[in-house]
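S.K.: Next come the chains, spelled out residue by residue.
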Amino acid sequence: MKKKIFLALSIMIIAGVSYGIYLFNKPHQSVSKAEPDFQLPSTSIVSEYEKDENSANQKFNGKVVEVTGIVAEKTKDEQGKLNVTLQGEDIAGIGCVFEPAAQLKAATLAEGQEVKIKGICTGILMDVVMVDCVVVDNNQ
Amino acid sequence: MKKILFVIALAVTTTATFGQGRFLTKNGKIYFDCTTPSSPEKIDGTNDKATSVIDASTGAIEFALLMKAFVFEKSLMQEHFNENYVESDKFPKATFKGNITNMSSINLSKDGTYPATVKGQMTLHGETKEVTAPGTITVKGGAITAAKSEFKLLLSDFKVEIPSVVADKVAKEAKISVDLTFQPMAAK
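Chain order of the listed sequences is A and B. Just so it is clear: in the first sequence, position 136 is 136 by our numbering, and no numbers are missing. Just so it is clear: in the second sequence, position 111 is 111 by our numbering, and no numbers are missing.
Think of the hints as simulated: they come from the structure by calculation, not from any bench. Every residue, glycine too, gets a C-beta built ideally from N, C-alpha and C. One should not assume that every hint holds.
Quick list of in silico lysine-lysine cross-link-like pairs, DSS-like style, CA-CA up to 30 Å [claimed, not checked]: (1) LYS63/A x LYS93/B; (2) LYS90/B x LYS63/A; (3) LYS63/A x LYS42/B; (4) LYS175/B x LYS148/B; (5) LYS175/B x LYS140/B.
Some chain B residues well away from chain A (every beta-carbon gap over 10 Å; in silico) [as the list claims (entries may be wrong)]: (6) GLY21; (7) SER39; (8) ALA60; (9) GLU87; (10) ALA133; (11) PRO134; (12) THR138; (13) SER149; (14) LEU154; (15) SER156; (16) GLU161; (17) LYS172.
With the hints as constraints, model all of the structure from the sequences given.
M.R.: Okay, structure coming up:
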């Protein structure tokens, strides 16, 4: 009987420790498989931020958001990382940073094209900023 | 009549030069490293979306970034950073407002990379502190095209607490690298 308890305890401890190690080493999650918390046009999310930054922060910050909009600008930095800005309201848009695996697909985007981008919303500076973005559908 | 035209022309050129004096980036890179020799892994994060404006006529520089836009290799580290250390939900932004103290020694009509010192108020985790940082300013074709800086921030200055269990595994001073590439700001 004691042996059985000991065995059960050991299994539990091993399971617990392995789960801990798994969590500790869990790589950065990709949003490509995540269900979006919000799906909306790029213009709407920007105008919600412009109207009331605090309530928009509470609603969207850290959430997986899927936005549809027109590519206003696409630039590449010195390391070849892409920056895509979607049109929003007036001069404010949505600046998107893509996850490494999504760079190739993002590179096919053209200015003026409509696109659906999913990423994690982080708030607004001059533009609303989304990180870890993936291209959902580039309408081609 | 000629005089009026001259005055108008002068006014136009002056405003034009003034309009050219501001430079902007929305894709500034900020990197931080809190690794210590006893850390079990690298503790670092990258933010590719800092916004910054330099006014070359006054040497004023401002920047802002979103804390949640820091990306980490490990998702648990990102979670801890946002929830336990910088409390991103309560304090979503970090900002800096200051001046290039040696703007007069930066010659905008001569291409080159100039040493610069920036001094100003940094707000992080809801705390504001004066920060002085060394760096460089790159001038090309009469425009400021880049700015770089490396400096250290004492976490306790900004009331960012390190739990005692990991006290020797997280650096008390964050090494910060700033790498900004500027575009002339479109005059409104």
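S.K.: All hints are to be evaluated individually against the structure, with a verdict given for each.
M.R.: So, going through the hints one by one against the coordinates:
Annotation: proposed proximity of LYS63/A to LYS93/B holds, straight-line Cα distance about 17 Å (limit 30 Å). Between LYS90/B and LYS63/A the CA atoms are separated by roughly 15 Å; this keeps the pair inside 30 Å, and the hint holds. At most 30 Å may separate the alpha-carbon atoms for a hinted pair to count; LYS63/A and LYS42/B meet this at roughly 26 Å. Among the hinted pairs, LYS175/B with LYS148/B is consistent with the structure: their alpha-carbon atoms are about 14 Å apart, no more than 30 Å.
With a C-alpha separation of about 28 Å, the suggested pairing of LYS175/B with LYS140/B holds against the 30 Å cut-off. With a closest Cβ-Cβ approach of about 19 Å to chain A, GLY21/B is found to remain outside the 10 Å limit, as its non-interface label requires. The claim that SER39/B lies off the interface holds: its Cβ sits roughly 13 Å from the closest Cβ of chain A, which is beyond the 10 Å cut-off. Here ALA60/B stays apart from chain A, with its beta-carbon at least about 17 Å from theirs, past the 10 Å limit.
Once the 10 Å rule is applied to beta carbons, GLU87/B is consistent with being away from chain A; the minimum gap is 12 Å. Non-interface call for ALA133/B relative to chain A: holds, since the shortest CB-CB distance, roughly 20 Å, exceeds 10 Å. Every C-beta of chain A lies more than 10 Å from that of PRO134/B, the closest at about 22 Å, which supports listing it as non-interface. At roughly 12 Å, the least C-beta separation between THR138/B and chain A is larger than 10 Å, which holds for a residue marked as non-interface.
At the 10 Å boundary, the C-beta of SER149/B stays outside the reach of chain A, the nearest C-beta of that chain being 17 Å off. For LEU154/B, the condition that its CB be more than 10 Å from all CB atoms of chain A holds, with the nearest at approximately 25 Å. With 10 Å as the threshold on Cβ separation, the claim that SER156/B sits away from chain A holds: the shortest Cβ distance comes to roughly 25 Å. No Cβ of chain A approaches the Cβ of GLU161/B within 10 Å, the least distance being about 21 Å, so the stated non-interface status holds.
The Cβ of LYS172/B sits about 22 Å from the closest Cβ of chain A, beyond the 10 Å cut-off, so the non-interface label holds.
Every hint, counting from the list given before, is met by this structure.
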